[in-house]
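First residue of the sequence shown? That's 1202 in this note's numbering, and the numbers climb one at a time after it.
Each hint should be verified, as a subset may be incorrect.
Stated by the list, open to error - Straight-line alpha carbon distances no greater than 30 Å define the calculated DSSO-like cross-link-like pairs of lysine-lysine that follow:
1. K1384 to K1368
2. K1354 to K1386
3. K1386 to K1368
4. K1354 to K1368
5. K1354 to K1317
6. K1384 to K1243
7. K1208 to K1384
8. K1208 to K1354
9. K1398 to K1384
10. K1317 to K1252
11. K1398 to K1368
12. K1243 to K1315
13. K1208 to K1315
14. K1208 to K1398
15. K1252 to K1315
16. K1240 to K1252
17. K1240 to K1315
18. K1252 to K1354
19. K1354 to K1384
20. K1398 to K1240
21. K1398 to K1354
22. K1243 to K1398
23. K1252 to K1208
24. K1386 to K1243
25. K1243 to K1317
26. K1317 to K1208
27. K1368 to K1240
28. K1208 to K1240
29. K1398 to K1386
Please keep in mind that the hints were generated in silico from the structure rather than gathered at the bench. Bear in mind that the values here come from a model prediction, so they are computed numbers and not experimental data.
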Amino acid sequence: MTQLESKIHEVIVTTMTESGTPHSAPMGISEVDGYFIIKPFKPSSTYDNLKQHRQCVINYCDDVRVFAGALTGHRDWPTLPCSDIEGQYLACALSHTELEIVEFNDDDPRALFKAKVVAEHTHAPFRGFNRAQSAVIDAAILVSRLTMLPVDKLQQELSYLMISMEKTAGLREIEAWGWLMDKIKAAGIEITGTDIK
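Using the sequences and the accompanying hints, generate a full structural model.
And the structure:
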């Protein structure tokens, strides 16, 4: 098995559309030799925006509703202007990093954008990990792959994640989980035992 050069971090990447509107998308990014590597799928809004406007923001956010919302149509999150680039960061971000693209490889099915840090800002303290937050992130990744996963695998994974949800979820995690379960139901997939009591 090939070892990754860097861990993958689940973040929200904010890019700017051609009309100047911010677009936020959950994405796994990595850091290699002091540069951030962003690999959006093609086609995608993030890919189009980065090709057009070679700047973006990494938002470090502990509100998992933003991650789940991107997959379920709940995308209206307040943003604020960046300090050093033409961009916007999420108002709920604990911190953010402003980036400029320095290299671009137009590979299929995922392009590679290499970015350097222009500025970093901290807005609120990180209060620690919560297992339910991780469960929502994992469930969001599963929901993003509904067409690729067998139903029994989806059921097995979600049943395991429910343990963390039932033991440690707060209101934000419960709301995000509900959005994801609604998305699964809307896709016509029957999953049992995922309602939080």
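Results for each hint:
Taken as a hint, the K1384 and K1368 pair is honoured in the structure, with Cα atoms around 23 Å apart against an allowance of 30 Å. Of the pairs offered as hints, the one joining K1354 and K1386 holds, with about 16 Å between alpha carbons and a cut-off of 30 Å not exceeded. A C-alpha spacing of about 24 Å is found between K1386 and K1368, which places the hinted pair at or below 30 Å, so the restraint holds. Our distance criterion of 30 Å between C-alpha atoms is met by K1354 and K1368, whose separation comes to about 22 Å.
Of the pairs offered as hints, the one joining K1354 and K1317 is violated, with about 38 Å between alpha carbons and a cut-off of 30 Å exceeded. For the hint linking K1384 to K1243, the alpha-carbon distance of about 23 Å falls within 30 Å, and the restraint holds. Annotation: proposed proximity of K1208 to K1384 holds, straight-line Cα distance about 29 Å (limit 30 Å). Among the hinted pairs, K1208 with K1354 is consistent with the structure: their alpha-carbon atoms are about 25 Å apart, no more than 30 Å.
Between K1398 and K1384 the CA atoms are separated by roughly 19 Å; this keeps the pair inside 30 Å, and the hint holds. Between the alpha carbons of K1317 and K1252 the distance comes to roughly 16 Å, so the proposed pair stays at or under 30 Å and holds. Annotation: proposed proximity of K1398 to K1368 holds, straight-line Cα distance about 11 Å (limit 30 Å). In summary, the hint linking K1243 to K1315 is supported, as the alpha carbons are separated by about 16 Å, within the 30 Å threshold.
Taking the CA atoms of K1208 and K1315, the gap is near 16 Å; set against the 30 Å cutoff, the hint holds. A threshold of 30 Å between alpha carbons decides the hint, and for K1208 with K1398 the separation of about 35 Å lies outside it, so the pair is violated. Distance hint between K1252 and K1315 is fulfilled; the C-alpha atoms sit about 12 Å from each other, no more than 30 Å. A hinted pair counts as satisfied when its Cα atoms are at most 30 Å apart, and K1240 with K1252 qualifies at roughly 12 Å.
For the suggested pair K1240 and K1315, the alpha carbons sit about 9 Å apart, so the restraint of at most 30 Å is met. Distance check on the hinted pair: K1252 and K1354 sit about 36 Å apart at the alpha-carbon level, beyond 30 Å; violated. Straight-line distance between C-alpha atoms of K1354 and K1384 comes to about 17 Å, which keeps the hinted pair within the 30 Å bound. A C-alpha spacing of about 38 Å is found between K1398 and K1240, which places the hinted pair above 30 Å, so the restraint is violated.
With a C-alpha separation of about 23 Å, the suggested pairing of K1398 with K1354 holds against the 30 Å cut-off. With a CA separation close to 39 Å, the supplied pair K1243 and K1398 exceeds the 30 Å bound. Simply put, K1252 and K1208 have alpha-carbon atoms about 25 Å apart, close enough for the 30 Å limit, and the pair holds. Taken as a hint, the K1386 and K1243 pair is honoured in the structure, with Cα atoms around 27 Å apart against an allowance of 30 Å.
Proximity of K1243 to K1317 is assessed by CA-CA distance (about 22 Å); at most 30 Å being required, the pair is judged to hold. Pair hint K1317 plus K1208 holds up; C-alpha atoms about 17 Å apart against a cutoff of 30 Å. The suggested pairing of K1368 with K1240 is violated, with an alpha-carbon distance near 34 Å, which exceeds 30 Å. The suggested pairing of K1208 with K1240 holds, with an alpha-carbon distance near 14 Å, which does not exceed 30 Å.
Annotation: proposed proximity of K1398 to K1386 holds, straight-line Cα distance about 18 Å (limit 30 Å).
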